[in-house]
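Assemble the whole structure, with the sequences as input and the hints as a guide.
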Amino acid sequence: MATEVILPRVDMDMTEGRISRWYVEEGASVTKGQPIFEIETEKAAMEVEAPASGVIRDLATALEMKLPVGSVIAWIDAAGESGGKGMRSSTEDRAETKAKTPTTPDETAQYSIEEQSAPPPMQADHPAQLEGDGSAFRRATPLARHLAREHDVDLSSLEGSGPKGRIQATDVERSRAKADAAKAMPDRAARAKPSGAVLHCRWLRQGEGVPLVMIHGFGADLNAWRLFLAAARLGSPVLGIDLPGHGGSAARKAPSFDAMVAQVAATLRAECSDALHLAGHSLGGAVAAALSRHEETKPLSLFLIAPAGLGREINGEFISGFARAQSAAELAPFLPMLVSDPSVLGSSFIKATLRQRNGLDAGLENLGATLFPGATQAFSIRSVFEGLPIPAKIVLGGQDQIIPPRYTSGLPGNVAIHAFPALGHMPHVEAPDAVARLLRELMQSAAPK
Amino acid sequence: MSTPIEATAILQRRRSSVEDTRSSGLSPEPRELSYAQAIQEAMAIAMERDERVFLMGEDIGVYGGAFQVTGDLVHRFGADRVMDTPISELGSAGVAIGAALTGLRPIFEFQFSDFSALAMEQIVNQAAKLRFMLGGAVSVPLVMRFPSGSGTGAAAQHSQSLEAWFAHVPGLKVVQPATPHDAKGCLLAAIADPDPVMIFEHKLLYKMKGEVPEGHYTVPLGKARLCRPGRDVTIVATSIMVHRSLAAAEELSREGIEAEVIDLRSLRPLDRDTLTQSVKRTHRLVCVYEGVKTLGIGAELSASIAESDAFDYLDAPILRLGGAECPIPYNPELEKAAVPQTPTIIAAVRDLIGGRL
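Top line first, the protein sequences correspond to chains A and B.
Per the numbering used here, the very first residue in the first sequence carries number 1; after that it's consecutive.
Per the numbering used here, the very first residue in the second sequence carries number 1; after that it's consecutive.
Just so you know, the hints here were simulated from the structure itself, not pulled from any lab data.
Wrong hints could be hidden among the right ones.
[As the list claims (entries may be wrong)] Straight line, CA to CA, 20 Å or less: simulated SDA-like cross-link-like pairs of lysine to any residue:
#1 Lys-164(A) to Gly-355(B)
#2 Lys-129(B) to Ala-99(B)
#3 Lys-280(B) to Thr-170(A)
#4 Lys-66(A) to Arg-356(B)
[Unchecked claim] Only some residues are given here: those of chain A computed to face chain B with a beta carbon under 7 Å:
#5 Pro-68
#6 His-146
#7 Gly-162
#8 Gln-168
[What the hints assert, rightly or not] Which residues of chain B face chain A? A few of them, derived with a C-beta cut under 10 Å, are:
#9 Gly-78
#10 Ala-117
#11 Glu-251
#12 Phe-311
#13 Asp-315
#14 Leu-319
#15 Gly-354
#16 Arg-356
Values in this document were obtained by computation on a predicted structure and should not be read as measured data.
Virtual Cβ for every residue (Gly too), placed ideally from N, Cα, C.
Here it is as C-alpha cells:
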C-alpha cells in the first residue's frame, strides 16, 4: 500500500510550513529514514526523513508554498506498486483517498480498474498551470489577474503562493514591490551583475534587522548550518554561502586562501547591504576573520567556531581521509574525530555530510592540498585580531581533534574566548543552545544604535 | 376607507405625545422588546392605524399562536380581526388572497413554514401571478408570516428553511428579518406593500431581545444591512446566521481577521449592490444560510458576484455554508450539526484566509 508523506509538525506552535527543497526527484527510490526534503517554518529549517521505503511520487513541487501541517506532500509506493493519483495538498483530498483506499483484495482489483480509467494526473512539475491543454494558462485569482493586467505584470513569471500554486493578489504585489525596489536601487543591481564572480549562496532564514552571514567549514556546505539554526532562535536574516569547491559553488576554483576570501567578499557585495554580522566554522571561521579586515566588507561583529588559521598544525589524516571518502563506510572512521561524543552524529548527519560531498570528487582533495599542505595550515589569521574595531568571539572545544585548541592562547585581550572543555571540533553541533546564546549575545551587543 | 385611517392617525399622534412626555421624564433607556413582542406590536399598530388589517391563522386567537406571537391581540381587536382558521392551509390561503383582492390587508400566520407546501398553489399560482395576469388591474396586498428554521427539536417536518423556494418566484417578496427592530419594521413595510410579502421568522429568534423604537416605522424591503465593517472577508448571512456570523467575526477579530458581516434581510428583492461593494473591498465572500446548501440562496449570491464587476476583485474562491443535504434530524446533536454554527463559520473563514481552499 502506498504510504503518505505528510508535512510534519516540527515545532510546537507550527500550523503550516513550506518545503524549501526536495532531496529526491519524482520516481526516485527512497529508503526509510533517508532525508527526502527540507521543511522551513517561521523559525527553522529541518530535514525530514522518508517514512517508508519505495518509489516516491506526486511530489508537491510548489516550493515556497505554505502548506498546513498534515498535508500530504508525496506518496511512497512499496515495491511493485504503481499509483495514479495527482498531486495532493488538501486534507479534503486526503479524506477522499482514505475513503478509496482498498481494504480487501476484491476492492483492490476494482480500485486498479478505476485508476486506469481515471483522468491523467495533474502535471506536478507546473503546479500553477491548470491541467489539460498544456497551454500557458496559469491558476490565478481574478484579483491577481486584474492587478497583473493593470500593472503589466506577466503572470507566467510569478510563483503562486496559494493552494495548488494559485497566484494571489499578494504574489503580484510582491513581484511589483521587487520590481520597484530594483528600480530604486540600480546602484546595487549594477554592482551585483558585472562581477559575475559571486558564489552560490542562500537565505537560510528570513527576518528583521542586520543580516548574519555564515560560512561553513572544509568539506561542508551552507546546509550544514540548518540544524544549528533550528536551535538558534535568531531574529535576523541569515545568509549561507557555499565556499569555492563546495556545495552550489563546487565548480568554482580557489587557487589560494586569499582568492577564496576575495570571492566571498565579492559575493557579499552583491547579496548584502553594507552592515552584516559574520560567523564561520573552522575554514569558514578563518575566511570570516580575514573578511573582517577586507577593505570592502564592514562587519559589525565576528563569531568564530573552532577557526582555522590560528596555528600551523592541522589533523592531516582527517583532511585527506575526509576529502577522499565516497561512502558512509569510508566516512565512518573520520566523522567521530569531529566531536567528543559521536552519538550526537545521527544517520541523517552522516547522509547529509555525504550529500554535501556529492560531485566534489577530486576538487575537494585538491583544495585540501592547497589549503592544508602536509598537515599544516597554509594561511594565518592571527594578525586580524590586533586592534580589531568590532567585538569578536571565538568558541572552541577542549577536545578538538582537528585543530589543536591551544592555538587560541596568546590572542589579544579584546577577543573573547569561550572554551567548552568537554566538546570537540563542532561545539555548535554538540551544544547548539549554548553556542547560539553566545552568538545572540554578540550580535545584540554589536547591534547598530 | 380614508376616515378610519385619519382617525387612527390622530389617535396615534395623541398617544405618542403622551408617550413622549412620559419617556422624556422617566425612561431615557432605549426600549427593548423580544422579536415576538416586536412582531406583535407591529401587528397591533397596523390594526390600530388601518381597519382593513386583520389576522388569520391556526390557533392565533385565544391560544395566542403556536409561538405566542399574536398573544392577547384577540382580546384587544376581537375575533373578527384575529381569526382562527381551520387546519387547511390551502383553503385559508385562498380566503386570505380573496380578502386581499377585495382591498383588505390580511396577515396570515402559517403555524410552521413547512406547511407552506400545503398552500403552494395559492401562493405561487395565485398570489404571485394575479397582478400580472390581470394587467395590473388588481393586486394582492397579502402578508404571510412563517415561523421557520431548526433548533427546537421539532424534527424534519417542522424545522425547514424553505425561503429559497419562494424567492424563486417573481411576484412574491421574501424577507428574513434577523433582529426585533427589523422584525417590526419589515412587517410594517410588508403591510404597506401592495403585493404579497412572505416573512420568514426564525423560531429561535422569537425570544431574542433588542432595541425597538416606539410607534410606526418601516424597514425597506430589499435593502441589506451592513452590521459590521471589516477588511478581510465578507460574510453575508440571513436570519439567525447573522448572529452566528457576528459571533464568529468577534472571535476571528482576536486572531487579526476582520470580517465584514452583512445581514441580507431580503431574498427578493435582492440587494446585490451592497454585497458587490463589500466584496470589492474585502476580496473574499462567504455566504451563510440555514436552508439546504445546494441550489440555495448562497448559489444565487455567489453567481451574482461572479457576474458582477466584483468578479475581478475576488482573491479566493467563494464559499457557501448552508444546511446539510438531509432532512433536519430529530437527534439534538445531529440537528445542530445539520446547519452552520458559529465554530463552522470560524473554521471556514480561517481556511479561506489561510489559503487552504
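Hints, one by one, checked against the model:
1. Lys-164(A) to Gly-355(B): holds, 10 Å
2. Lys-129(B) to Ala-99(B): holds, 16 Å
3. Lys-280(B) to Thr-170(A): Given pair Lys-280(B), Thr-170(A) holds - Cα atoms ~16 Å apart, limit 20 Å.
4. Lys-66(A) to Arg-356(B): holds, 9 Å
5. Pro-68: Hint on Pro-68(A): holds, closest Cβ of chain B at ~6 Å, below 7 Å.
6. His-146: holds, 4 Å
7. Gly-162: Status holds, d = 5 Å.
8. Gln-168: holds, 6 Å
9. Gly-78: violated, 60 Å
10. Ala-117: Check failed: Cβ of Ala-117(B) comes no nearer than 35 Å to chain A, outside 10 Å.
11. Glu-251: violated, 17 Å
12. Phe-311: Status holds, d = 5 Å.
13. Asp-315: Because about 4 Å separates Asp-315(B) from the closest Cβ in chain A, which is inside the 10 Å limit, the hint holds.
14. Leu-319: Violated. Min distance 13 Å.
15. Gly-354: This interface hint holds because 7 Å falls under the 10 Å limit.
16. Arg-356: OK, holds: Arg-356(B) within 10 Å of chain A, min 6 Å.
Comparing the model with each numbered hint stated earlier shows that hints 9, 10, 11, 14 do not hold.
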